[in-house]
Each structure stands twice: as structure tokens, then as C-alpha cells.
Amino acid sequence: MPAYATNMRLKFPIVALTLEIITIILFAVFTTYDDGKGHGHDAHSNETHQENPMELYPMFQDVHVMIFIGFGFLMTFLKRYGFSSVGVNLLLAAFGLQWGLLMQGLWHMDDGKIKINIFKIINADFSTATVLISFGAVLGKTSPVQLLIMTVLEITIFSINEHLVANVLGANDVGASMIIHAFGAYFGLAVARVLYRPGLRNGHENDGSVYHSDMFAMIGTVFLWMFWPSFNSAIAEPGYPQLTAVINTYLSLATCVLSAYAISSLVEHKGKLDMVHIQNATLAGGVAVGTCADMNIEPFGAMMIGLVAGIISTLGFKFLTPILASNLGIQDTCGVHNLHGMPGILGGLAGIVAVSLGKKEGGNAAMQAAALASSLGFALVGGAITGLIMKLPIWGQPPDQNCFDDSIYWEVPEEEEENEESLTHADHSKNKAEA
Amino acid sequence: MPAYATNMRLKFPIVALTLEIITIILFAVFTTYDDGKGHGHDAHSNETHQENPMELYPMFQDVHVMIFIGFGFLMTFLKRYGFSSVGVNLLLAAFGLQWGLLMQGLWHMDDGKIKINIFKIINADFSTATVLISFGAVLGKTSPVQLLIMTVLEITIFSINEHLVANVLGANDVGASMIIHAFGAYFGLAVARVLYRPGLRNGHENDGSVYHSDMFAMIGTVFLWMFWPSFNSAIAEPGYPQLTAVINTYLSLATCVLSAYAISSLVEHKGKLDMVHIQNATLAGGVAVGTCADMNIEPFGAMMIGLVAGIISTLGFKFLTPILASNLGIQDTCGVHNLHGMPGILGGLAGIVAVSLGKKEGGNAAMQAAALASSLGFALVGGAITGLIMKLPIWGQPPDQNCFDDSIYWEVPEEEEENEESLTHADHSKNKAEA
Amino acid sequence: MPAYATNMRLKFPIVALTLEIITIILFAVFTTYDDGKGHGHDAHSNETHQENPMELYPMFQDVHVMIFIGFGFLMTFLKRYGFSSVGVNLLLAAFGLQWGLLMQGLWHMDDGKIKINIFKIINADFSTATVLISFGAVLGKTSPVQLLIMTVLEITIFSINEHLVANVLGANDVGASMIIHAFGAYFGLAVARVLYRPGLRNGHENDGSVYHSDMFAMIGTVFLWMFWPSFNSAIAEPGYPQLTAVINTYLSLATCVLSAYAISSLVEHKGKLDMVHIQNATLAGGVAVGTCADMNIEPFGAMMIGLVAGIISTLGFKFLTPILASNLGIQDTCGVHNLHGMPGILGGLAGIVAVSLGKKEGGNAAMQAAALASSLGFALVGGAITGLIMKLPIWGQPPDQNCFDDSIYWEVPEEEEENEESLTHADHSKNKAEA
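Residue numbers (UniProt numbering), protein chains in the order written: chain A, 1 to 435; chain B, 1 to 435; chain C, 1 to 435.
Same shape as in the complex, but just chain A (with noise of 0.2 Å):
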């Protein structure tokens, strides 16, 4: 049995490097700068950006810092998973913005191109983040090769999803409640569910932080946590509408955090503050507020929305997580379902409300609520199938002894050695299983 044959001498050089050169192959075909010359399909981008093609580059760079900072060390509270974390967070978006620059650029050619401008790389990195997501479920349980796979499919299915609801439905979702974080949370739980691992019931030595990983961990939350206004307002209309995206998401991650606090306080032990509360659901109301960011829900609507979001996420870390690993086999690593599941979700229905109130002009609460139900259904659809395929036993996914152990796929210091060793032996009798 190949299951774990987790030796990535030749599987994961020839993934990575034949993925790239394809991709190469398609740039050369289909891709060149936007010189301003446009034909205009793509609104946004002339009207805006014609004038000063780099007037959104500190958003996009905010942006950029939320993928690569803010979610790849958000994951680096795992004790002994801290290079894999920060380490395969950079792969899968250094792959998966190519990736992505060219799925949802197929939809908006121009004179048969995708015209690059900085508009297209910020929705470049935002394609990432739905993997990212989804890695946040599997985390540990994974294979580099495996997550390429996932990467390359799931933006595939995001473009499609995204073109759906922006361009057929209509729908409005400016900070992408729906169409990243919901999708992005529902998708790694399919495939999480579909690579359910029994051995892991009990729990896992190293599925669990110590005191400097949870420290590393806080660089990310609060990279995020700053960042978020750009996200959700990077494009948006400019002037107005986009200041509003921001001041909305500033003011629900501010109160979420007051929410986030008070109720880890209030669930936990002797009233103590708990790590894995702060270091997500303080970010709730980010992916709670997107959809609605640049409507006209007031501040103290935003706030409200912030609220509730950091109640349920933190609620859902104590209570929900736990039961769905045991009674749905949905291992959830990370918690991606409160932070980017529930919230998104929450987000998508204040967004179907705040349509009906007319806080959208144009807005149109049934193709809101059929932007929600598309981006669950191919999330779910799409990440059982995505899991079919990454449980097929030739990617070199981890044994359970070995999961949440960096030491598998990276070189670790001498200091760990030890515990290098043990895997080494594993690895052995796992081989001698197999001979």
C-alpha cells in the first residue's frame, strides 16, 4: 500500500515544476500588461484606473500582506508546524495567484488577452485566500502534493462560482462573505470530511500549540485583523463607496474583538482568555461584515454585525468544533468553520437584509440569496470531489503518527532530531508493512 509513501524526492519536484511550466505555456498565450487601451467590458478597471494604473497598489500591497503574513503565520500555532505553515501558505499562493490571474482572466479578455493591471492581481490574491481557507481545515493532515492539487482545483471551481455570482447573478458581495470565506470554509470541510482520519479521534500529541508558536500565531491574527479594510474595500467603487467599505470593517473588527473577548472570558475555565478564541473569532467581524461593507448599513450597523460575529465564532470554537469532529467526522484543524464558515454565512444573510432595507441601490435580495446558496453548493460539490481526488493514495499524504509534524516533508534543526528519529523508525515498520 503507497498511502505513505511520503518520500516527495520525485512526486513533488515533478508536480510542482510541470504545474509551473504549464502555467508559463498559458501566460505566454494568453496574457500581456494592460497598456490603458482597453475596450472597456472591464468597467472597474478603465473608468478607474486609466488615469493612474497604480493608484490601488498599497491596497493590493495590503492585501498581499493578509495572504502571505497574515495567513500563513495565523497557522503557526501548531507546535511543531510552524514551517509548514508559514512555508506551504507561501507555495500554495505563490501558485495559486498564477493560477488564478489566468481562471478568472479567461472571463475578461481583451483582443483575445488577459490585460494584467493591479485590479487583476489584487483578485489574484483573493483567489488564493479561498485555499488558504480550505488549507487552514486539512492542516497537518496533508501533503505538499496534495495541497497543490487542491489549490489548482479549487480556484478553478471559485472562478466559476465568483463569475456566477458577479457577473450572472449580479449580486453584490464587495468583501466576500459568500464567494471566498463561506466558500473558501465549506470547501475544506468537504475535503476534510472526505479525508476523515479515524486514528485521529482521540486527538494528536502535536495537535496543539506552545507559547511561542501562539505568539507567532498573534503576528498573523493582527496583520489580518489591521489589514482587513483593505480587503474588503480594495474594489470597491472608488470615493465614497469605498471609504465606507472601510469604516464599516474598521468598526466591526473593533467591536468583534470586545464580543470575541468577552465571551472566550465568559466560556472558559476560572474566566480565563483563551489563545485559539483571540487569535480567530477577533477576525469574525471582518468576514461577517464583507458583503454589506460598502452598503449604507450605518456604523452602528456594522458594529452590530461585528458583535454577533465574534459571539457565535468564539461560541462555535468551544462547542461546535468538538461535535463536529465527533459526530460528523469533520476534523477541522484550524476552526475555519467559525471564523470563515459561520461568519461568512452570517455575512451573506446581513447582506440578503440589508438589500431589502435598500441599503444597495440596484441591490436585489433573491440574487443575494442565490449568490449565498451557489457559493455552498459549489464549495460542498466541489470539495467532496477535490477530496476524492487527494485521497487517492499516490500523493504522499502523512500517516497519522506523523500528522502536525513539520519534520515529514522539511529538514528540522538538529534540536528535534530526536523526534526525527522516532519518524525515521515509523517510516521504517510503515515500510516493512508494505514490503
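Treat each hint with caution, since some may be false.
[Stated by the list, open to error] One side only, chain B facing chain A, incomplete, derived with CB under 10 Å:
1) K11
2) F12
3) V15
4) F27
5) T32
6) F60
7) N89
8) E411
[Unchecked claim] Output of the computed footprint for chain B on chain C, the stretches with three or more beta carbons under 8 Å from beta carbons of chain B:
9) 22 to 30
10) 54 to 60
11) 172 to 181
12) 210 to 220
[To be verified] Pairs of lysine to aspartate or glutamate residues, derived as EDC-like cross-links and limited to a Cα-Cα distance of at most 20 Å, are as follows:
13) K37(B) - E298(A)
14) K359(A) - D35(B)
15) K37(C) - E237(B)
16) K318(A) - E411(B)
17) K359(B) - D35(C)
18) K37(A) - E55(A)
19) K113(B) - E298(A)
20) K270(A) - E414(B)
21) K318(C) - E298(C)
22) K270(A) - D400(B)
23) K11(C) - E268(B)
24) K37(A) - E237(C)
25) K270(B) - D400(C)
26) K11(A) - E268(C)
27) K318(A) - E414(B)
28) K359(B) - E298(B)
29) K113(C) - E298(B)
30) K318(C) - E414(A)
Simulated from the structure, these hints should not be mistaken for lab results.
All C-beta atoms, glycine included, are put in the ideal place defined by N, C-alpha and C.
Using the hints provided, position chains B and C relative to the given structure of chain A.
Chains B and C in isolation, oriented as in the chain A frame:
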């Protein structure tokens, strides 16, 4: 005696949620988005931002990073207090920016509303800086509930003094040497004096750093250092005055690094550098050049301010902090007197001199002096009153032996469990004593 | 023999303060603020920034983060040299930017003054990058005093070569593959050759990483990776050429990640990834695309440069670095030859090819080749001379056994005291030997 009833289970959630709900109600009544159609009494926001309401957004994000990463990680130098440093920093700043928006906005209403824009959220972030500076003085010796109360009171008092200085006295303080740095420091020192703990006279085993905690603190230092030009120029007049503020701050900080390193080496054993000085005194140049930042003091003038700031700050850490603790009963955990207090006064004095020399059009040296006096007066009186309120034995402050220790208010990972237990024992014996 | 008189108590403060005071005097004589009324010989700064002198400010801050966080944390990978890496990085860059403003500004004076603006402070930050690259080659084996001397000499020589390349030869090097990366690398390697330490031929127990130090280094890697598009485009022509520089760099870096990971896995034991490669070779794409960044090489051209850069950089770490050390006596601590040296030359060569193919209006392939030759020549000769001066036995360089150890120049927290003592003993025996 309930002084050490550190169980936060009800206290903290009730205080946090009550404050947040009151705040949301006030936002519902008093705030809306800036739509660019104001009556123009707030000259700055109208003249400048009417055309592009997002113009200051990159500056805002730099300031945001200073508040949440800069201050948060700067205080992680303590070996067992990293969760509290970065986590409570997030809590206080997230609540403080909401409260600051209200308190500062009340002086600048338009049609009965505070119209939120980027300029106002930069100022809201600024208002939290005062609290985070004061937090440094009492770090490790206060509960989250005490600190939330300090946040409400300090920002309220700050907003009164700021209005007096900027609008009544008409003094210049673009980089806020006086109204933020000196104010925050002396407010915090007054609180620390009232909360004096004789039991910590001979130090505390956890009141120190370890190698990795010093590395985390450097993340805070370097982000503060890099983005300080944004802090000092964010609300300067657009165009060349803003450029002047950037250049003066950039050069003052660069010079300050050299003098801080030189003096650290000069006063330490065998000429070695001391991380406490490097983490803090290298920033004094940013504080001290604040008031003069947008004045025509010429590049070398800014550099001389930075040179002196680095020297007095380092000497303060070495010689003054121990004296304040032993002779005046002021236990200043982070040495905010050296980083914000003395350099803030230096900044105020440099402003008086620069205005006297005609370096600022329309400046008035007497008003500058009055602004400095007002800031110090409000800080000392306000801090003392706030300290008395914080001293009420109902806010869950930690007993001496549990100071500087995350595990009293946080769930800490397993490896720390032994200390956790010793804490529990300490609590038990306390409870017996109370019984 | 005073070679190992590592007590910095007088040496360091005297050198640092003397340099700083000379610099302040030069600033007083030669500098003022740009007021937008220059005579226009510096076409870029006048044409572009007259209208909004702050236009490049967000780009400047990105570059600033690369210099102070990026380079600083990238070098923290060593297990016991984090204070020096991030702390001495701050020292050298803070002094270097002042010196660079003067040295570069001397070629562009206006009415006898260097008129400081954002464009000039970006270039000042750039000039420090050369020093920080060279610092990587000699990391752990040099004293702060030696490094301050290197800073003065290297930036002076850099400024001459830069003037020659940009203004005399008129060569293109917008992202500075040649004048910063190749120059800084070969300068540092020449210094390292002169300072060759036979005693470190068989390695040093502290010349390696631990788990957490590798995590800190990833902070540096990721910030460099994210903001490299700003580095390569900051001084490009505004508008579409700047957009081109961003897109080329973004895509080259993304591609480089895939090839660096693939080759790392291919050459390592059992196909595991090596943190040294991930921390460094993923950045080679940014270096190598520098010269061509603003040329019309098309997106796939940039990607091919990134692909090749990731391959040669990873192979260099694996196979070339050991050979350079053992056969040529070049002990390159951080492997700057692989990250900056070879990719810098690759960038210069790619520039020659691109200009030959007409990808840059007005470009001249011969001048490109001359620029590459000039950069390498100045680097090797300048580095050798600088190395000889640094070798003078009066600058407090560390003895072999105390290399790669913070405690020789820094107060380190208690837990490290044992090592501290062993160091002290080593010093004593040294002193005896000297007596």
C-alpha cells in the same frame, strides 16, 4: 478582602459587553459616514479630502500598524507576559478607537452628527496611543478590567486636553510630543504611583526577558521605528509641510539610533549593548521631533533633536528608572518615562524654541508653553484620579506573586502547567486567607 | 596582540558618535528640504513629484520595511545571533541612509544644496541595501565597529558606481540587479575572503539554526518577498512603466517560489524541503528580474527569469557554497552569493539580452554590459580594500570561538548566562595569552 478575586468570569464579560453596547448606542445616535458634503468647520477634512476621501488611507494603515503591532509587540519583551502584551493591547486599542471616535468627534459635529472619515479614524487610533503608553507603565500589574476602565477615562481626559491645546490655545503639536507622548507617559506614571506595590520593591522573577521574548519585542520596535514618519505627518498640512514632517522624523530617528547605541555601549558592562535600550531609546527621536516635525527646523535641526533624545532616553533607563522606583514609588514596567515622558517634554520644549525662532508661521511660543503645561497637568491629575478608581478592590487586580504572568488571565499551553498549578495554589491560599 | 580586544566600551561609542556628528555637520552645510522649486536637472523628482511631493510615500514605506524588517529578520536564522542580526541591521541601515543621502546627493545638488524629498530617501534606503547584503556574507564574524566602517566605505563606493552606471553609461537597472545586488554580494564576498578564518573551516556549533530562529527568519523572507515589487518599481517612470515593473516582479517571484521548492526537494534527503533554500532562494526571482523589471519582456518572460533564478539559487546553496568555503576561502554566512550574487548577474545578463531584443526604448546593450562589469569591478576591488581596512586589529573583531554569538557584544538574558560565563572565561584566557 476581595482585592485578589482574579476570576474574571463574570466581571470581565459584563464590563466589556456593557461598554460595547453603550458605545454602539452612542454610535447609532451620533455618527454617520462622511459624505463630503459637510459645512466645512473642520477645515482640514474638507479642504483636503473632498476630492479623494481615501487620500490619507496609506498613512492610516501605517499608524494602524504602529498601534496594533508596534505597541503590542514592543511590550512582549517580558518572558511570561506575551499573551497579555499583544492580546490586551488589541483589546484596549479596539475599544479605545471606538471611544476616541466619539470623544474627539463630539467637538467637531456637523448637523448633530460625527461624520466619520479617514482623518477621524487616524485621530481615533492616535487617541488609543495614550492608553497604550500608560499601559506600558502598569504592564503586568493590572487586570483587563482595570485597563478597560483606564481606557475610558484616559481617552475622555485626553480628548478634553487635545481640544484645549489644538482649538483653544491654537498650539502646534503635529506629531503629538505633548498631547500623546508626554500626556500618556505622565498619566501612566501617576496611575503607577497610586497603584504602587511595595511587594515588588525587590523585583519579581518574571519581570525580565528571555532571548525569544526580546526578539518578539524587536518586531514592535522596528515597526514603530519605520512608520513613525507616518505618525508625525499623517495630519500635517498636505503637500510640502507633510513632506517636511516625514523628512524630519526620518532623520531624527536615524540619528537617535546612533546615539542610543553609543550611550548603551558606554554605560553597560564591558561596552555591551542592552536590548532594553535598543528596543526603546531608538524610538525617542520620533517622540521628541513630534511637535517640530512640520516646522522648518532644517534637516540638521531634526537630527540634533534625535541625537539628544537618544542620549537622555538611554541614560534615563540606566539611571533614572531605578531611582523613580526606589525613591518615588513609581514602578514603570516598560520605562515609558524614558521613551515617551522625557522625550515628549523635550519635544514640547523644542517646539517652544522653534516657534520663538519663527520656524512655524503663526506660531506662538507662549501658547506652546501653555500646551505643554496643560498636557502635563491633565495627565498628572487625570492619572491620579484614574489610579484611585482603578485601585478599588473590585476589578480583579493580580496579587504580587502573580504579576507579570499570563496564566492568571489566560489559558496557557501545557508546558506552562506547572506554573499554572503554583498559581492555583497561590489562589487557594489567598482564598483561605479571605475566608 | 589586541586583535581580540572585544570590549567595545570606548571604541564603539567614539566611532559611532564621531561618525554621527560629522554627518550632522555635513547635513547642516549641504542639505535642505525639497521645496519643489528646483532647477530641474533631476528630471525624475521634478517632473513627477512637483504636484504631489508625497506620491511615492507608500512605495518608500514598503522599501523601508524591506530594509529594516526584511533584511533584519532574514538574518535571524542563526540560533544565537538574533540580537545582532536585527539590531546591528538597524544600526547599519540607520547610519547608512544618512551617509547615502549625502553620497548620492552630492551628484545632484541644486544651488549648492541636496534637496531632500521622497525620491531621495528611497534611494538612501536603497544604498543601505548594499551594506546589508555584504553584512550577510560576514554575519557572525565581525564587530559593530568593523561594520560601521564597512558601511561608510561601501556606500561611498556604491555611490560612485551608481553615478557611473546611471548617469555616465546611461544603463538601465531599475530594480538594481547589478548596482545593488551583484555589487553588494561581491563586495561582501571580497571582504569575507580577506577576513578568511581558517579556524572556522570545520564549522562552528553556533553557525546553524534552531526551530524558532528559522521562524523569525521567515518573517524577514516573507516581507522581502511581498514588497519586492515596490523595490523594483519605486523609481521607475510613473504610470505604465511602473505598473510593468510591479507585474514583472510579482510574477517572477511567484514562479521562483515553485522552482526553489521543487529543486530543494529534489536535492535534499528523502525529498524534504530545506529552510535555508525556502528562506533565500524564493527571493532570487526578485533580484534577477530587477534590471528588466520595467522592460516589455512580457509576463512569461519575467516568469522564465524567476524560474531560472530559483533553480540556480537553490543549487548554489546546495553545491557551490561549500566549494567556495573550502576551495576559495570564502565563508559566506548567509549565502549571499546564491541570493544576490548569481541572481544579480543573471539579472544583468537578462538586461543585456532584453535591450538587444529592443525591449527597452533607447537601451544600449553595450552600456548594459559595461554597467555589469563596472558593478562587479567596483565591488571586488572596493570590497578587497575595505576588507583590508576592516582587518586592522583595532576594531574589536571576535575570536573564532565567540563567532555567531550575541553575548560577545550584547547583554543577553539570564538563561544564556552559562554561555556568557564560558565566553568570559574564553576572554580571560585570551587576556592571559595577551599578557
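Against the structure, the hints:
no.	hint	in the structure
1	K11	holds, 7 Å
2	F12	holds, 5 Å
3	V15	holds, 9 Å
4	F27	holds, 4 Å
5	T32	holds, 6 Å
6	F60	holds, 8 Å
7	N89	holds, 9 Å
8	E411	holds, 5 Å
9	22 to 30	holds (count 5)
10	54 to 60	holds (count 3)
11	172 to 181	violated (count 0)
12	210 to 220	holds (count 3)
13	K37(B) - E298(A)	holds, 17 Å
14	K359(A) - D35(B)	holds, 15 Å
15	K37(C) - E237(B)	holds, 18 Å
16	K318(A) - E411(B)	holds, 13 Å
17	K359(B) - D35(C)	holds, 15 Å
18	K37(A) - E55(A)	holds, 17 Å
19	K113(B) - E298(A)	holds, 12 Å
20	K270(A) - E414(B)	holds, 17 Å
21	K318(C) - E298(C)	violated, 31 Å
22	K270(A) - D400(B)	holds, 19 Å
23	K11(C) - E268(B)	holds, 13 Å
24	K37(A) - E237(C)	holds, 18 Å
25	K270(B) - D400(C)	holds, 19 Å
26	K11(A) - E268(C)	holds, 13 Å
27	K318(A) - E414(B)	holds, 18 Å
28	K359(B) - E298(B)	holds, 9 Å
29	K113(C) - E298(B)	holds, 12 Å
30	K318(C) - E414(A)	holds, 18 Å
Figure legend: structure checked against the earlier numbered hints; hints not met, in rising order: 11, 21.
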